Amino acid sequence: MEEDEFLGEKTFQHYCAEFIKHSQQIGDGWEWRTSKDCSDGYMCKIHFQIKNGTVVSYPGTSTHVQTCLPMEEALELPLDDSEVTEATAATEVIKYEYHVLYSCSYQVPVLYFRASFLDGRPFSLKDIWEGVHECYKTRLQQGPWDTITQQEHPILGQPFFVLHPCKTNEFMTPVLKNSRKINSTWTCLCFHLFPRNVNYITSWLSIVGPVVGLNLPLSYARAASQNE
Amino acid sequence: MWCGPGLTSNFLRVGARGISGAPVDILLKAVGDTPIMKTKKWAVERTRTIQGLIDFIKKFLKLVASEQLFIYVNQSFAPSPDQEVGTLYECFGSDGKLVLHYCKSQAWG
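Chains as they are written, first to last, in this note's numbering: chain A, 20 to 247; chain B, 3 to 111.
Excised from the complex, chain B in its bound form (with noise of 0.2 Å):
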């Protein structure tokens, strides 16, 4: 379930990242000439997977179904499909968020 785009106000809920069950903040950026999301900033359940992540992208941006969509932390590594985002804010959040980036392709078709 998602909670809906992050407005600047629900940054500011101090106290609460951190405890388990919290939703954590999402900065997403496009990569090359993936189509950029109007809004960028989300908070999301911690429990969401990046293979969630990925069809609510794909959705979102009306990608067709051949079209892939690969996540990125760090800029560059792809987490397995199964990661919760939780995991990877503990592992690669900072200032609060977890910036992922995110490249549309049609490798595999």
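This is chain A alone, in the form it adopts within the complex (with noise of 0.2 Å):
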């Protein structure tokens, strides 16, 4: 049985604010968060879609515009302050919420998300499902999400769903240790070393993201792979 790879708290920390720069690089619209009294953070995204596919970014996000199907790059256009492309009614647009935490009981990032009308009607997990990529919903159906629980947000205390991260282990080890049988050059972080050009997540948010509607760019991985 391999050694499962677990992440640091602070490997965690270091590992997003590497992911945040490439974010801001390209305008994906990542924040890193505090609690109030700072002693933890998370990671933060907030993305607008109407109903139809159209996906907005309002300033103080990203101020671009992509497609909700998931593509290589954000589609880039100049969005002034007041403009909202091709909104319909304001019930329409839909708000969609990604939190990264830290999960200190189990050692791996925790995908938080929620999604709600701007009127703040919350939006159902089976609604945030039916945005979902159409080849993640036979997955859906064989049933592993039960693994999607609501939770209250440790930093927020508000109910978020949450992807559990007890299977987490199993699917990013046998990818880290590849990747560090591969590579020779490893960069020493708290006192763990992980393999130079990988970023655990990036990793890991290529891996869960889709599932739940959230898909990453491919320059992610090109940045992955350039870090010192």
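Pairs of lysine-lysine residues, derived as DSSO-like cross-links and limited to a Cα-Cα distance of at most 30 Å, are as follows:
| no. | chain 1 | residue 1 | chain 2 | residue 2 |
| --- | --- | --- | --- | --- |
| 1 | A | Lys200 | B | Lys40 |
| 2 | B | Lys64 | B | Lys40 |
| 3 | A | Lys186 | B | Lys61 |
| 4 | B | Lys64 | A | Lys186 |
| 5 | B | Lys60 | A | Lys200 |
| 6 | B | Lys43 | A | Lys196 |
| 7 | B | Lys61 | A | Lys196 |
| 8 | B | Lys42 | A | Lys186 |
| 9 | A | Lys145 | A | Lys114 |
| 10 | A | Lys200 | B | Lys99 |
| 11 | A | Lys200 | B | Lys43 |
| 12 | B | Lys42 | A | Lys196 |
Quick caveat, the hints were computed from the structure, so don't treat them as lab data.
Please read these numbers as outputs of a predicted model, since none were measured by experiment.
From the two separate chains plus the hints, produce the assembled complex.
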């Protein structure tokens, strides 16, 4: 049995910082937020989607427009602060939030997510899944989705859907071990060796994100392999 | 539609690479204890998606429905399921081929 690749909290924060650096470069909208006492923090992304499929990001997150279908690069159009492209009625706009937190008990990142209409009405899990890529729908029907639960956000104290972290090590360990075998340059973070060209958060999010409607542009893959 | 296993001679189609429509050469590498494909080199049409590739490998390896298969570029990044192989080749291909790692997992089961 292979030894699991656990992620320490400092290492988690390091990888999040690298991830956000790239996000800022491409205007992907991820930010770091800290709790009131600044003892911990998490990554956060908000995007808005109109039910017919067009995604609009509001100023304050990122000011570019991208389609909701996964694309390798976001379509960048200059957006006036007061403009909302092709909005129909306010009730048709859905706000999606994705938060990446650290789980001390599992020593892995955890994905919290929720969606709501602009008037605050929450979007159900079923509604979220309707926006998920076709190919994941068969996976959803296979029932691991008893591993999506609704829980209180540890920092905000509000209800979010959570992708349970208990299986994270199972799919992350082979990937990290394989990458370690291939790469001879390592970086030492908090007394733990990680292959230099792998960002744990990027890898992890690229795997779990699409299942809940979050797709990472391909440039994250290139950024991860260029990290110092 | 699969062009079939890429035999060594197929790699000598100098000049065909880079022309849109021409298939790309893919090298599949197993990760962890995922079964190794007998044929690792494949010529794949550019518009084939990652999901199409996943379905193909799952069938080839005779994986059961509850087993998930993930494909990675740059060893550790999982592209979106409808990402096209041609695009991935443009971004991550080198020496005339695209190396993809694949890994099975019971993770969602």
